[in-house]
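Visitor: Each chain, letter by letter, is given below.
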Amino acid sequence: MKISSLATLDKWRDELRAAVKFDIKIMVCSGTSCISSESDLIFGLLKQKIDDHQLEHQIALVPTGCQRLCGQGPMITIEPGNITYFRVKVEDVEELFNEHILNGRVLYRLLYVDPKSGESIQDFAKMDFYRKQQRVALRNCGEIDPKSIDDYIRRDGYKALGNCISVLSPKEVVEIVKASGLRGRGGGGFPTGVKWEMTAKSRGNEKYLICNADEGDPGAFMDRSIIEGDPHSLVEAMTIAGYATGANSGIVYIRAEYASSIPPLKKAIEDAKANGFLGNNIFDSDFSFDISIKLGAGAFVCGEETALIHSMEGNRGEPTKKPPFPSESGFRGKPTTVNNVETLVNTPPIIINGAKWFRTFGTEKSPGTKVFALAGNIRNIGLVEVPMGTTFREVIFDIGGGHPLGKKIKAVQIGGPSGGVITEAFFDTPIEYDTLTKIGAMMGSGGMIVMDEDTDMVKIAKFYLEFTQDESCGKCTPCRIGTKRMFEILDRLVKMEGSPADLERLETLGKAIKTTSLCGLGQSAPNPVLSTMKYFREEYEGYAYRTKKIAYSINGEKCIGCTKCARVCPVQCIQGALRDVHFIDESKCIACGACYKACPVNAIVKP
Amino acid sequence: MKLIEKMVSCTINGIHVNVEKGTTILQAAKKIGIHIPTLCHLDLHDIGIVNKSANCRVCVVEDENKNALVPSCSEVVRDGMKIQTDSLKAVMGRRTSLELLLSNHPRDCLTCVKNLDCELQALAHEMNIREIHYKGEKMSHPIDNTSFAIIKDSNKCIMCRRCVTMCNEVQTVGVLNPLKRGFDVVVATAFHLDLNDTSCTYCGQCVSVCPTGALAERNHSSMVWRALNDPTKHVVVQIAPAVRVAIGEEFGYEPGEVSTGKIVASLKRMGFDQVFDTNFGADLTIIEEATEFVHRLENNGRLPMLTSCCPAWVQFIEHQFPELLDVPSTCQSPHIMVGSLIKTYYAEKNKIEPKDIVSVSVMPCVAKKAEVSREELTHNDLSDVDYVITTRELSRMIKEAAIDFKQLKDQNFDELLGESTGAATIFGATGGVVEAATRTAYEMITGKELKEVNFKQFRGLQGIREAEVQIGDKTLRVGIAHELGNARKLLEEIRDGKSHFDIIEIMACPGGCIGGGGQPYHHGDINILKKRAQALYDLDEKMEKRKSHENEMVVKLYEDFLGQPGNHKAHELLHTFYSAKPRI
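First to last, the protein sequences are chains A and B. Sequential numbering from 1 applies to the first sequence in our numbering. Sequential numbering from 608 applies to the second sequence in our numbering.
Hints may be right or wrong, so weigh each one.
[Said to hold, decoys possible] Examples of chain A residues toward chain B, derived with CB under 7 Å:
| no. | residue |
| --- | --- |
| 1 | T32 |
| 2 | S36 |
| 3 | E466 |
| 4 | F467 |
| 5 | D470 |
| 6 | S472 |
| 7 | C473 |
| 8 | K484 |
| 9 | R485 |
| 10 | T515 |
| 11 | A577 |
[Stated by the list, open to error] Restraint ranges, calculated between C-beta atoms of paired labels, are given here:
| no. | chain 1 | residue 1 | chain 2 | residue 2 | range |
| --- | --- | --- | --- | --- | --- |
| 12 | A | G333 | B | N672 | 24 to 34 Å |
| 13 | A | S5 | B | D650 | 52 to 62 Å |
| 14 | B | I739 | A | S553 | 11 to 21 Å |
Source of the hints: derived by calculation from the structure; they are not laboratory data. We treat Cβ as the ideally placed atom computed from N, Cα and C, and that holds for glycine.
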């Protein structure tokens, strides 16, 4: 069926809404994280149960995208009542089905227990984790079947596109997006409307719209979750962007590792084509647009737009100097807009609800919301979407639930390997583009790693640098050799082979790399080191002056003399007879932590 | 457009400067006498060679409106820009980039092939680097010495990508490209194949632009010394036209200084038994090539005919256009002709056993090192030429032999294969071969004397040139290309049946042999190439005989030894064949 007008779209939507209503809707999270905990098997078992009881007309079983509290998965939400079960196991299915579905009783043991009150919460909307979130980009994620265009249409899918094409001129679309103040969610925060306008004004009939889905920050999974959970919103948004910028061809550059994101996206493109949302003369207009998928080989630098374009052209994924900007000369030398996934999916609601509505979220300079992938030493690991301007404290403690064991939270790493650390002193800073830049961090794509008091910041910096120096394309000198040298200095330090002079060297080199590198990857690579050096200098000094205690020790009161630690020690520095208290020769200890893991009574004390 | 609209202005170190739109900061600074160090930058835009990849980060300067430094080599001046080239931030950035490069470099300068000719070394000196603050792992790549012509030591590579630009954009051969990521990145062949197994033409343009010793010619001077010191060997040498106008640069002369007599004198001092001139071979080539061309022209043979003096070009067509192997002339290159005559004609005349002769060619070319190992260029199991040394290698040997080049008195070539005409001299510049061929073909076809021998329409540095020459009632359509990327365009036309030329001259190197891969390094100065070419044309102008068929010793060669041009004996000794060599 080809949808040719807004009226036919509305009609279709109304028909879908009026169609058979189910008594019960079971939504099984089929995000990557939940699938890795067997939610696909759980889905299969539930389906079997429904079939066995011949309840397929009463019960809708929906595999949804990410339901966001990934650390507590697999999650199953059941309507009516919005009752969400967490950490559901395959062996729970029988009881869950019998109790909740057949007997209508809530299965309390699988509910979320509020850490503050100790009470079980039935309705997920009442959980702190969800209560403080505001969903724009993730509006459909976790609530619809990503493979069903009907589900998307039911929720006003493709209405924004219809509005754009039937009612608005491309220029008006650009003006609305400009007025909304939407900024690029991929890191830099460049105003999206301005970017669109630049491409729209560039000369030439052949233009391209590229969706950057090369999400590469370690620990980030925002874009992946959107594509997996709500692929049609991306298809619609890209088509809108194509209309606004004058492009007839859209390409999604997605890393091949995102194997589970590609099939839903392909399906969405096919279904959109079948219904006339893609292809020739969309909504019976002169506008034609098509979307293809280009798989990337998974290089971090290919998230940089010029490198991404070179990679798409079949060349080595390396950045080139800007200007020229892609909006003037991009893919195949033609005017090209590059937007990331999250940025794009914000646009359909902006078109439907208006720029003013969008500005009701967030701050003056950073309107709207931002999705973060919350991870690390935090209770509620998962995907959160909050209005810009929310403070770190709210995200970490209210939404994130603080440390799982109640330990002190020392810092948050934001912006992935290109970002910096935020210390507790800045936890009340509102999260928006410009305040983050001011305190030496950056928004980045939205990875947020929480670190507790036990975290060794030097090692954290070393981890990120190992990543960037490995992912450097090797084109310019400072990034290719400089990050390697920084990594070597850090390696020396943590091996207690460094010197105070190394600290100065590290700082000078870091600053030079920031100013001399060719692209954003190099220019931001030293950030994790420089920001941890700024706020946790004493940790660096502990290594540089070799005053840091690195050896493990044994608490004599707890030790039962089982000899397990002595047997696993790779350098044989643990002495003690069977059933006697053991001792660690601290001069020999290499701090590998093997004894710590082996001890059955927690008698080993970390340095 | 009004002039004012074409101009932009900025201040550099507080000095106001007006420049045309599109001017880089580097060019603008140069205009007001501010020197900014560069390393990866290479700009020979007259001949289409530009490497502005901005990756060494040595030329960075401070733009007051930006946090990050900008690369002056590629950043274009915008109106109102305020640039500081000497601020602490800019200088520190620049020095750090250089120190980082040096921290990953073998620094074996004393014994490096590029010692005192290395741009990295010169830059370290210029920027007064006396200590390298960063230490750590260095690259460790195996040295590729599989090729007869080029040695690649990636451990000395600074990733300037000049070679990549030459190999891909200028020559369109595409053998050298960066592989891997991060610190492990290396310019290499696909799958790390040996150079010999790739479609490398050995043109040596990668060598001629490499700022360090990462790419160099295979050194054959020790073999030549050994031959010279072997009393049982009769060692004969010849020198190519382009060598005589370039080698002076190695001894402090201006580019374009003609040092033919001094070269002959130094070769005699070094102990060569006979010193011949490749120009003799060039004249001979013209006789054979013009005969072949006239034959093709008059018998509806394959046209256009392509010249075949350039071995890199021959290699290129064998790799890339195997379906067009009937197009090039079958003539050997001039030095191979001389080489083959040394071991036959000269040997016979002087009653020397050919196997006792060691034949050496001094060439501006790296590809000729590979050419002499081609099986078809042997007679009676003896290579026509045994060793090829480049202009650079000869200059080093002269220094090594403690010869005071400047003090030498000019000497003449030995007689038998030493005479030449002006036509042969201009072989060293792009367009020269076809000009020489036209001079002879004209008289061959019309039987009339050619009065005006200068065909200025064939000269210049434009990548592809075309001209028409009236020969009797025939209009000869001539095409000329230098650099293989330009050659490719003409070859594609031929392949697609769209070519309208009768004869095409192709040289692989920019400017022809004067810009050969074995010449003294031009370090990005286009004027050096221009002066060398001019010197060749000046030499031609001064010669009494300017047509190859007027070379009396060549005439004598045909009378005494070969018989008629293009006959069986000439074919056996002076012609060759080509075979398809498809490669990656």
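Visitor: Among all the numbered hints in the text so far, which are the ones the structure does not match?
Guide: 1, 2, 3, 4, 11, 14
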